[in-house]
Amino acid sequence: GESVGLHLPTLSVQEGDNSIINCAYSNSASDYFIWYKQESGKGPQFIIDIRSNMDKRQGQRVTVLLNKTVKHLSLQIAATQPGDSAVYFCAVGSGGYNKLIFGAGTRLAVHP
Amino acid sequence: DVKVTQSSRYLVKRTGEKVFLECVQDMDHENMFWYRQDPGLGLRLIYFSYDVKMKEKGDIPEGYSVSREKKERFSLILESASTNQTSMYLCASSIGTDGYEQYFGPGTRLTVT
Numbered sequence: 001g002e003s004v005g006l007h008l009p010t011l012s013v014q015e016g017d018n019s020i021i022n023c024a025y026s027n028s029a030s031d032y033f034i035w036y037k038q039e040s041g042k043g044p045q046f047i048i049d050i051r052s053n054m055d056k057r058q059g060q061r062v063t064v065l066l067n068k069t070v071k072h073l074s075l076q077i078a079a080t081q082p083g084d085s086a087v088y089f090c091a092v093g094s095g096g097y098n099k100l101i102f103g104a105g106t107r108l109a110v111h112p
Numbered sequence: 001d002v003k004v005t006q007s008s009r010y011l012v013k014r015t016g017e018k019v020f021l022e023c024v025q026d027m028d029h030e031n032m033f034w035y036r037q038d039p040g041l042g043l044r045l046i047y048f049s050y051d052v053k054m055k056e057k058g059d060i061p062e063g064y065s066v067s068r069e070k071k072e073r074f075s076l077i078l079e080s081a082s083t084n085q086t087s088m089y090l091c092a093s094s095i096g097t098d099g100y101e102q103y104f105g106p107g108t109r110l111t112v113t
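Top line first, the protein sequences correspond to chains C and G. Residue 1 is where the first sequence starts when you use the numbering used here, and the numbers rise one by one after that. Residue 1 is where the second sequence starts when you use the numbering used here, and the numbers rise one by one after that.
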C-alpha cells in the first residue's frame, strides 16, 4: 500500500530564514497531496494542497513543489516567523473514499 | 467555517472500561474519520464512514468500533480500554466525492490507567 515518509523529524531555523520541509511518497498513481500544520494542543489545519497535474502551487508565504518523477513533495515557507513553529504533516490522497495517508510529521522550531 | 468538535479534550479511564469518544461536524460532510496520533508515527486511520450507518476499517481497527447513526455525528468506541490505547484521538470530516481535504477537530487526549 501507499506509504508516506518525511526526511527529517525536526528542523530548526532562524527567524526570517526560509524553511523547506520534505516528504516522499511511494505510489506513483497518487493524484492529490496536502500539507497540514499542527500547533501544540490543536488539531491539524490545512495549509496548502496540490493535484498531480501541477508541479508548483503558491499561497501566502508558502509554496508546495511536486516532483512526480522522484515522488517527492516539499513545503517551502518564506521568511519564517515564530508563529510558524509547529509540526507539519504531508498527506497523500489514496484509494477510495478520499482517504489520506499521513507522514510522521516534521517539527519546525523557529529561533529568534 | 467548518467546525468539527470533539466531546472531550482530556479523558482519563481505567483499564477495562468502555469508552465513548464523540465527534460532531456542522457542514453536512459525507465522510468522517477517526485517527490516533502517537509521537513519531503520524496519524493512523482507525475507522472511517462515508455515509450514515456505513463504516470501513482503517489501518488499525483492532480494539475499536464506531457508530454513525446521524450524518453529523461519528462515535469511536473502545469496548474494553487498555493501556496501549493511551493516545491522542483526532476526528476529521470531508465533503465526500472529489473532496480530499479533511477538517480536523481539536483532539481528545485519552489516558488509560
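Be aware that a few hints might be false.
Stated by the list, open to error - Taking lysine-lysine and the DSSO-like style, the derived pairs with C-alpha atoms no more than 27 Å apart in a straight line are: (1) 68/C with 37/C; (2) 71/G with 18/G; (3) 18/G with 55/G; (4) 57/G with 70/G; (5) 57/G with 71/G; (6) 55/G with 68/C; (7) 37/C with 71/C; (8) 71/G with 55/G; (9) 56/C with 68/C; (10) 55/G with 13/G; (11) 18/G with 53/G; (12) 13/G with 57/G; (13) 42/C with 71/G; (14) 68/C with 53/G; (15) 18/G with 37/C; (16) 3/G with 71/G; (17) 3/G with 37/C; (18) 3/G with 70/G; (19) 13/G with 42/C; (20) 70/G with 56/C; (21) 55/G with 3/G; (22) 53/G with 3/G; (23) 71/C with 3/G; (24) 68/C with 42/C; (25) 70/G with 55/G; (26) 57/G with 42/C; (27) 71/G with 53/G.
None of these hints come from the bench; they were simulated from the model.
Violated hints - listed by number, lowest first: 6, 14, 15, 20, 23, 24
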